[in-house]
Amino acid sequence: MTEPLLQVRDLVVQFPTRRGTLTAVDGVSFHIDPGEVLGVVGESGAGKSMTGAAVIGLLEPPGRIAGGEILLEGQPIQNLPYEAMRRIRGRKIGAIFQDPLTSLNPLYSVGQQLVETIVTHTDLTPTRARARAVELLAEVGIPAPERRVDQYPHQFSGGMRQRVVIALALCANPRLIIADEPTTALDVSIQAQIIALLRRLCREHGTAVMLVTHDMGVIAETADRVAVMYAGRIAEIGPVRQVIKQARHPYTIGLMGSIPTIAQDAERLRQIPGSMPRLTDIPAGCAFNPRCERVFERCRRDRPEPIDVDGSRVACWLYDPSTAQREAADA
Amino acid sequence: MEPAASGQAVLKVTGLKRYFDVSPPLLNRVLERQPRQILKAVDGIDFAIGRGETFGLVGESGCGKSTVARLIVGLYAPTAGSIELEGRDIAGLSRRQMAPVRRRLQMIFQDPFASLNPRWRVLDIVAEPIRAFGLASGKAAVTRRVGELLEQVKLNPRDGDKYPHEFSGGQRQRISIARALASNPEFLVCDEPTSALDVSVQAQILNLMRDLQRDLGLTYLFISHNLAVVRHISDRVGVMYLGRMVEQAPARTLFATPRHPVHEAAARHGARPGDVRPRARAGGRRGAEPDQPAGRLQLPPALPVRRRPLPGREPGADRAAGRRRRRLPRRRGGPHPRGRPAGIAGGNPALAAVARGD
Ligand SMILES: Nc1ncnc2c1ncn2[C@@H]1O[C@H](COP(=O)(O)OP(=O)(O)OP(=O)(O)O)[C@@H](O)[C@H]1O
Ligand SMILES: Nc1ncnc2c1ncn2[C@@H]1O[C@H](COP(=O)(O)OP(=O)(O)OP(=O)(O)O)[C@@H](O)[C@H]1O
Ligand code: SF4
Ligand SMILES: [Mg+2]
Ligand SMILES: [Mg+2]
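Protein chains in written order, with my numbering: chain A, 1 to 331; chain B, 1 to 358.
Calculated from the structure, these hints are not laboratory results.
Where hints are given, some of them may not hold.
Unchecked claim - Ranges of calculated distance between the beta carbons of each label pair, as one might list FRET restraints:
1) A:Asn79 - B:Glu86: 23 to 29 Å
2) A:Asp10 - B:Asp46: 34 to 40 Å
3) A:Leu124 - B:Pro100: 52 to 58 Å
4) A:Thr122 - B:Glu151: 46 to 52 Å
5) B:Gln97 - A:Thr122: 50 to 56 Å
6) A:Pro290 - B:Trp120: 27 to 33 Å
7) B:Arg144 - A:Pro273: 22 to 28 Å
8) B:Glu151 - A:Ala284: 22 to 28 Å
9) B:Arg29 - A:Pro239: 25 to 31 Å
Stated by the list, open to error - Here are some chain B residues the structure puts well away from chain A; computed CB gaps all over 10 Å:
10) Ala80
11) Glu86
12) Gly134
13) Ala249
Ideal Cβ positions, reconstructed from N, Cα and C, are used throughout, including at glycine.
Chain A on its own, in the form it takes in the complex:
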């Protein structure tokens, strides 16, 4: 077996706030192999971006890693000093953030920003770097890149800015790319192009990708495995086909049911009733229990840990062997 490129064990991310400590990520474990795409989906506010930010060491204070470990190629990288982390960030881990505007400096042209990043992290000369910048813009589907390269971020459309951020993350040929909603503002054809690009990097360079997105279509097409997050924890993680086709966790099942389809003519979309609890008052037991259709008394008492179910890992009491025994006894 190859060593995982990234191994995350029992990661805990906390924010001290005015009203006590808030746990945004609560004991998350997963790994990503070289060349693999791990999709991460889940309820808005579930902790997907925080998990990604922790991996690249860009949690904004007062946020901090309060527990667990993060290993990149076997080396622990959590809580490294800033300089050491910065070097890893440039060369080994590329980041595509959820908000394209904050990743771009409005005062510099897109080309200046790309060239600077390329020159810092590779040994290309500025002239070669500029050619590479134009090439990268072309790769992410920016029309007329040799002209666009001299324009400023505000002169780009929303989707184009998002692609510039992707180009920035690819500059140094990183081993791992953390892509947080990289395609949200993109139409389907550009989206497909970006996805094809990411997949090609995985195939040809063994780049691994942690792909955070709410778009199940993108997940279905891109990811090898998928993790479903809810209230700071992983509810279900497994091969993409398994999770989409035979979702096990009641939250995943509800998520799949909320997707609108073109063929459908329904007045209203199906939705999971209620909303995610605030992180400061997560219910005891299973965090999903107030919204779950299949809740039973144990769910309100004990917290379910992930267990193996047909090749996936699912954190739900329904799949606990003791539940099956109890049901058999009841019958």
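Given chain A's structure and the hints, the job is docking chain B with the ligands onto it.
Coordinates of chain B with the ligands only, in the frame set by chain A:
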């Protein structure tokens, strides 16, 4: 739903244009003898939206959708054309003249991060329009109304005293939706309002928008790249291409037409039902033709769409390149087995089928 009769149109846009000067700095122009470059982001579009109607606006990235939205709410002045709100031309009104229109005409921005003041608490962000337009009096009433709005977008009212950076991406998007709804607008311009939301929250927000429309008669201009969402929410849909409106049709007709380009875009992206990993993939270009605006929503000539040859465009900006190189889509994987996709989920026809288990 039938196209809005212009008599009862809430919004009527005529010959709307917005050009941007994207020339290199003067010095470069002189030294390198480069001409001025004018980018025609919106180049003469007409449409009308009736009361209580939802008009979807679709088109590939960079075709000018956000520019149209910004023109309507007065963030850009038009280069030419008129924008009538209930018969009154609001194009190019001054800030002060625009003030009374502001309450009735709100916008949800594509970039929720940039549109929220980072130094304000969420409570104040959402309360600002309520206070500015005197929609509730007294601190308690304002707070109650803010709480209601936050609840509507599935946020907890007790989170009102936090700052925007303390929220996740999707939560921030919902804050901007709450703020847009705060002034009881009659017309809402929504630029990718649900793009950062997971599907279950998206379903909640779309249902909320429908309820508001039913109860209060709201009118929406709805921009999204997600065709399934547009299909779901819109009565009529306009398809933009290179700054022009190339087609307008009732949503039902548009999405029911077999082999329509919108399907083709969707089908090219997706796979056959049952495949999780598709064989066909749209963006096979990989920048081999850097001059071509890649991944365009291609319009096969056989289609009865009004695709004029777009005369009189200035060369220079990238669209000229796009025009020269425009050509038929290279379809890989052949047509969809059933003629049209069985459904598209988040842009992927395969998924709905997979998720349904057929
Ligand atoms: N600076 C902060 N202070 C306090 N809480 C925070 C802060 N930043 C994020 N949070 C909270 O942490 C939780 C996880 O946020 P995160 O950004 O990881 O969510 P997400 O899963 O990426 O959601 P989305 O899909 O909406 O982007 C959220 O509930 C958010 O409110
Ligand atoms: N302030 C500006 N200055 C110069 N060019 C601009 C400006 N705003 C937009 N443009 C250009 O106008 C064109 C249309 O942009 P617009 O933002 O309207 O696209 P869009 O259809 O909303 O795309 P997306 O789906 O990517 O958001 C783009 O080519 C963009 O680069
Ligand atoms: S553990 Fe119980 S409450 Fe939680 S998802 Fe499973 S059945 Fe539902
Ligand atoms: Mg996020
Ligand atoms: Mg836009």
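Which hints, by number, does the structure contradict? Those not satisfied are hints 1, 2 and 9.
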